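One letter stands for each residue in the lines below.
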Amino acid sequence: MAPLRYRLPGELTFLVVLLLASLFLLWTAYGISRFESLTSAGAFPMFATAVMVVCAVLILRDAARAKPTDGVAGESQVGQFVRRLTPPVVVGFTVAIALYMVLLQPLGFLLSSYLFLVASMALLGSRRWGLNLLVSAVVLAAIYVIFQTVFSVVLPSGTVLQGLFKGAAA
Amino acid sequence: MMDAINYFFISWVDPRLLMLTAAGTFAGIYIGAIPGLSVTMAVSILISFTFKWEVNSALALISGIYLGGVYGGSRSAILLNIPGAPSAIATGLDGYPLAKRGEAGTAIGLTTVVSVVGGFIGILALALAAPAVANLALKFAPRDYLMLAIWGILLVGSLSGGSLAKGIFAGALGVLIGSVGLDPMTAEARFTFGSLQLTAGISYVAAMIGFFGVAEVLCQLHELKLKAIKQNVSKILPSWSLLRKYMPLTLRTSTIGVVVGALPGAGGDIAALMAYDHAKRTVKNPSRPFGEGAYEGLVAPESANNAAVGGAYIPMLTLGIPGDAVTAVIIGAMYIHGLKPGPLLMVETPHLFWFIVGSLTLANIFLLVFGLSGIRLFAKIVETPKPILLPVILVLSAVGAYAINNNPVDVYWMLGFGVLGYFLKMYGFQVGPVILGMILGPMMDKSYRQAMISAEGNPVQFAGEFFTSPLSLVILIALVLTIASQSAWWKQLRGRA
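As they're listed, the protein sequences go chains L and D. FYI, in my numbering the residues of the first sequence are 1 to 170. FYI, in my numbering the residues of the second sequence are 1001 to 1497.
Simulated from the structure, these hints should not be mistaken for laboratory data. Owing to the predicted nature of the structure, the values given are computational and were not obtained by experimental measurement. Note that CB positions come from ideal geometry on N, CA and C, so glycine has one too. Honestly, I wouldn't trust all of these hints.
Unchecked claim - Mimicking DSS-like on lysine-lysine, the simulated pairs with C-alpha atoms at most 25 Å apart in a straight line are:
#1 L:Lys67 to D:Lys1425
#2 D:Lys1284 to D:Lys1245
#3 D:Lys1425 to D:Lys1139
#4 D:Lys1139 to L:Lys67
#5 D:Lys1340 to D:Lys1100
#6 D:Lys1380 to D:Lys1100
Unchecked claim - Quick list of simulated restraints, FRET-style, between CB atoms:
#7 D:Gly1457 to L:Leu58: 40 to 48 Å
#8 L:Thr69 to D:Phe1467: 40 to 48 Å
#9 L:Ala66 to D:Ile1483: 20 to 28 Å
#10 L:Gly31 to D:Leu1493: 12 to 20 Å
#11 D:Arg1281 to L:Val91: 44 to 52 Å
#12 L:Val138 to D:His1337: 49 to 57 Å
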């Protein structure tokens, strides 16, 4: 008998999405060169995506047979999903990362990273503001010096700030 | 021979390379030890920083980080009962009980020495076996490479636990990501969806940092409140009699480490668990029962995981097939530096091979020095709270993804793969096979098409060649056994026996 496995909230939905995505990719792979020849550009991608489809079906079958995890009494499926997989801290941190990436080019590496570090440290529960501000500054200074000098990495200097400086100079 | 010796000592006599190897080993110990930072993550991020360097410097630094990182995980497993790296999972089983008994110092000292011994055995195996394997590999046909690559992905998927179907899915997903862009043989667009950006393919460094950096950080957010318990550390140097007593076991488990490490796809974590299991089965009278602070439970996994480093380099350098996730990333680094790991690497650039062996040996010596010192500083650093550590890792990841092409789009890819990797991990998929698939995918595609062309496009002839060549047949049997051993039918059969 197969070992008893529990199914996490949202697992079935995630696996259905994976299966649909795999089917779409198989279709796209088929579109590359159809069944032109066994050595065509699309042959191996078709093989890979077909393997994905077969595996996704098998994984979905196993998950459908598994017992759902016990939730807190009265908790909905969505509630369980949020608690187990997307708690506020994960969603908040992901949003902070996305914002950081959007701001990286306009604000430049130093300013956007500093804002990200201070904000996300607070978000993750570090309430010692003085320490957060200091650690962020020290870490960033170290990263900047090491990567600019030792690794010769060119970091974004910030289009908005450059514009401001240029405007002030003019 | 003289040439080999000269190449071997390059990193020993060049002050810059010597310093980089030392810095790499030192950093590796701390990276490996800090829970939340993994060696794979560190090497993925480092590749993007070192790609402008000349190749020797990059390889010296990476060798140090790899060797130091595999060892470093043991320290936090012993002191905090949190393995710093997957290869130290088995170490905590007896290491932490030892620390609770007030023997943390002896445990760390013993671990350091056996790790170094294991490391040397792994390097020796690399130096002796790799030239022979490379000679053999020259006889490999494209179909053999195809099967070896598939076998590697299957092993990562099946040996690290969990469902084989999930492992294969992850590997195939990696192959797919690796095939995005223009087909190298016919220049036809594959999975580009009309986007010009995608014709150049997806940067695998961005994907690696996403899967190993961002996804890991997101998973760690679930354990923000995990508190470490501090231990007193004294008397680091282990006694000679203690070392002598455990030397036979160290030699045995190091051999296990080398062999497991050399299997395509199986790395230090699996080697350590297998060695621990070996010690448990063969040692009749352990110093204490296993799980309650047996020295044997420390010696076995720690010697094996460091021996696996040398072992993992064998298929990487001779076949171009990674031994584990870290070597998959290192292969990525070698490609970036214009090198093509495989049998010809040994023929065309033997200096590089001996340079790597020399750097690993040097890193192993530094491991002994750094491993037996600086424990107090260490205890402070590994206790860095996660709310401070995780944002810093994220900034480093973003810089790494950006630096490779100075392209902000790569940073978005990193985040996308990070979120995908997070859900995959949460639902029990492993991300190691994805990276292996990405690295090996183009090679598999090329090998498959070459093999099919040599069979004149005839599928029957193509299949027949797997049985007519003895070498292909051996690899095919290994492949089939790996799949069969995961089936319910096989498990039922074993259950009855």
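These are the hints, each one checked on the structure:
no.: 1; hint: L:Lys67 to D:Lys1425; in the structure: holds, 19 Å
no.: 2; hint: D:Lys1284 to D:Lys1245; in the structure: holds, 14 Å
no.: 3; hint: D:Lys1425 to D:Lys1139; in the structure: violated, 39 Å
no.: 4; hint: D:Lys1139 to L:Lys67; in the structure: violated, 50 Å
no.: 5; hint: D:Lys1340 to D:Lys1100; in the structure: violated, 48 Å
no.: 6; hint: D:Lys1380 to D:Lys1100; in the structure: holds, 18 Å
no.: 7; hint: D:Gly1457 to L:Leu58: 40 to 48 Å; in the structure: violated, 31 Å
no.: 8; hint: L:Thr69 to D:Phe1467: 40 to 48 Å; in the structure: holds, 47 Å
no.: 9; hint: L:Ala66 to D:Ile1483: 20 to 28 Å; in the structure: holds, 22 Å
no.: 10; hint: L:Gly31 to D:Leu1493: 12 to 20 Å; in the structure: violated, 43 Å
no.: 11; hint: D:Arg1281 to L:Val91: 44 to 52 Å; in the structure: holds, 46 Å
no.: 12; hint: L:Val138 to D:His1337: 49 to 57 Å; in the structure: violated, 32 Å
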